[in-house]
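Asker: For reference, the chains in residue letters:
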Amino acid sequence: MRQGYQSWVFSTKPVIAAAAAIGGPFEAQGPLAEDFDTLHGHLMIGQDSWEKAERVLLEEACDKAIEKASLTKEQIQFMLAGDLMNQSISANFSARTLAIPFLGIFGACSTSMEGLAMAAQLVDSQAADYVLAATSSHNAAAEKQYRYPTEYGSQKPPTAQWTVTGAGAAVVAHQGSGPRIQSATIGRIVDMGMSDPFNMGAAMAPAALATLEAHFRDLQLPHDHYDLVVTGDLGKVGHSILSELLPKHNVHIPLERYVDCGMLIYGDNPKVWSGGSGCGCCATVTYGHLLRRMTAGEWKRMLVVATGALLSPISYQQGESIPCIAHAVAIEAEQL
Amino acid sequence: MTFLWAFLVGGTICLIGQFLIDVVKLTPAHTMSALVVAGAVLDGVGLYDPLIKFAGAGATVPITSFGNALVHGAMAEAEKHGLAGIITGIFEVTSAGISAAIVFGFFTALLFRPKG
Chain A
1 MRQGYQSWVF STKPVIAAAA AIGGPFEAQG PLAEDFDTLH GHLMIGQDSW
51 EKAERVLLEE ACDKAIEKAS LTKEQIQFML AGDLMNQSIS ANFSARTLAI
101 PFLGIFGACS TSMEGLAMAA QLVDSQAADY VLAATSSHNA AAEKQYRYPT
151 EYGSQKPPTA QWTVTGAGAA VVAHQGSGPR IQSATIGRIV DMGMSDPFNM
201 GAAMAPAALA TLEAHFRDLQ LPHDHYDLVV TGDLGKVGHS ILSELLPKHN
251 VHIPLERYVD CGMLIYGDNP KVWSGGSGCG CCATVTYGHL LRRMTAGEWK
301 RMLVVATGAL LSPISYQQGE SIPCIAHAVA IEAEQL
Chain B
1 MTFLWAFLVG GTICLIGQFL IDVVKLTPAH TMSALVVAGA VLDGVGLYDP
51 LIKFAGAGAT VPITSFGNAL VHGAMAEAEK HGLAGIITGI FEVTSAGISA
101 AIVFGFFTAL LFRPKG
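First to last, the protein sequences are chains A and B. Taking the working numbering, the leading residue of the first sequence gets 1, the next gets one more, and so forth. Taking the working numbering, the leading residue of the second sequence gets 1, the next gets one more, and so forth.
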């Protein structure tokens, strides 16, 4: 049911019956390695191209999530998935393999929560009993498409981010045990005129702010309602910008409860510049690390705000600014 | 002293390149092209040869020297064959470098089958 201008409150509280996170070799060296279901030792994952490797990641995440939910893929009624590749080939080709009725979505790095919000809406409105929401990204495939050939070894500034090699999937169910999806806020596009693709954290921070403002306004919740507020991939740069913007806009989220997936996934590794990014960043950290910690009782309510920079290599080459978006999904622990 | 000047001049050219990437926000490809054109223009006004004489490898190793070589080839041919020489001579001096890039690029691709 819609509440306020742009939020949904799910009266049936759809359940995240299971979630899975698959990662690559670099993620395996990070501080969250323990929270992945499967980690791969090589970027190629036994395939002959980066794109095929990404597809394997996504298929594995979907299979694993379905398996952990003790379901078969025939029982999943709809699959919502997207990725960063042109024409969303990773999602489309994975859906070909899985043969589940499929809706392709694109929200760049916000795809994880875009998919989860829509899956919850489908289940809440009784349009489905089980919906799979999934997304993926691959470091080398994204570099090749968005930036320079990997062999070229182009320099990057400290504001740049490292695309996560990984995939995350969640099975949303009408009943069962697991964390529950309480509400979601669909973001508007925010474009502050920034055009530097090597500083996407700064470009996306205002979009995250707009969605957070809308969420608390629509749901009329106190700003300290959540034990954890987490943004998708703002990185160190975007995290510090948003931390400054929030109090200025009278959103008084206790800043010690605000974290960013892009900072969590690789810790303080200077090799990743400002932090992790990509569809797989928010997806693997949320579906791996955060949900596990929630199940372990570390926090009861969290708000995941996945941020996306909706640029294309062509729009960037033509000097266009970067439209950004953020979608928020509120997740509660099973036992409050 | 020769080494010092080579280091300082070569280093300054590279510093300008880094500046173009970090401050002017040019892409690496635009930066490279800008330095090639700068080398060509400097040679056109007769300044690059004195710089090579002064700094040696400091001026011949950076990419600016490629622009210098393009102009040298074109001018030399133009003297012999007139206007058409500008076109035929432009790669006269640099053909070794360009051919080597193509030939070695081909063999490298054969061996390593790049995917990126």
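For the record, the hints were derived by calculation from the structure and aren't laboratory data. A couple of the hints might just be wrong.
With a cut-off of at most 16 Å between alpha-carbon atoms, the simulated EDC-like pairs for lysine to aspartate or glutamate come out as follows [as the list claims (entries may be wrong)]:
id, chain 1, residue 1, chain 2, residue 2
1, B, K25, A, D196
2, B, K25, A, E320
3, A, K68, A, D37
4, A, K156, B, D49
5, B, K115, A, D48
6, A, K144, A, D37
7, A, K13, A, D129
8, B, K115, A, D224
9, B, K115, A, D129
10, B, K115, A, D37
11, A, K73, A, D129
Every value quoted in this text rests on a predicted model; they were computed, and no experiment measured them.
Asker: Against each hint, give a clear statement of whether it holds in the structure.
Answerer: Okay, the hints, checked on the actual structure:
no.: 1; hint: B:K25 / A:D196; result: holds (9 Å)
no.: 2; hint: B:K25 / A:E320; result: holds (15 Å)
no.: 3; hint: A:K68 / A:D37; result: holds (10 Å)
no.: 4; hint: A:K156 / B:D49; result: violated (34 Å)
no.: 5; hint: B:K115 / A:D48; result: holds (9 Å)
no.: 6; hint: A:K144 / A:D37; result: violated (27 Å)
no.: 7; hint: A:K13 / A:D129; result: holds (13 Å)
no.: 8; hint: B:K115 / A:D224; result: violated (48 Å)
no.: 9; hint: B:K115 / A:D129; result: violated (41 Å)
no.: 10; hint: B:K115 / A:D37; result: violated (27 Å)
no.: 11; hint: A:K73 / A:D129; result: holds (13 Å)
The structure is inconsistent with the numbered hints 4, 6, 8, 9, 10, although it conforms to all the rest.
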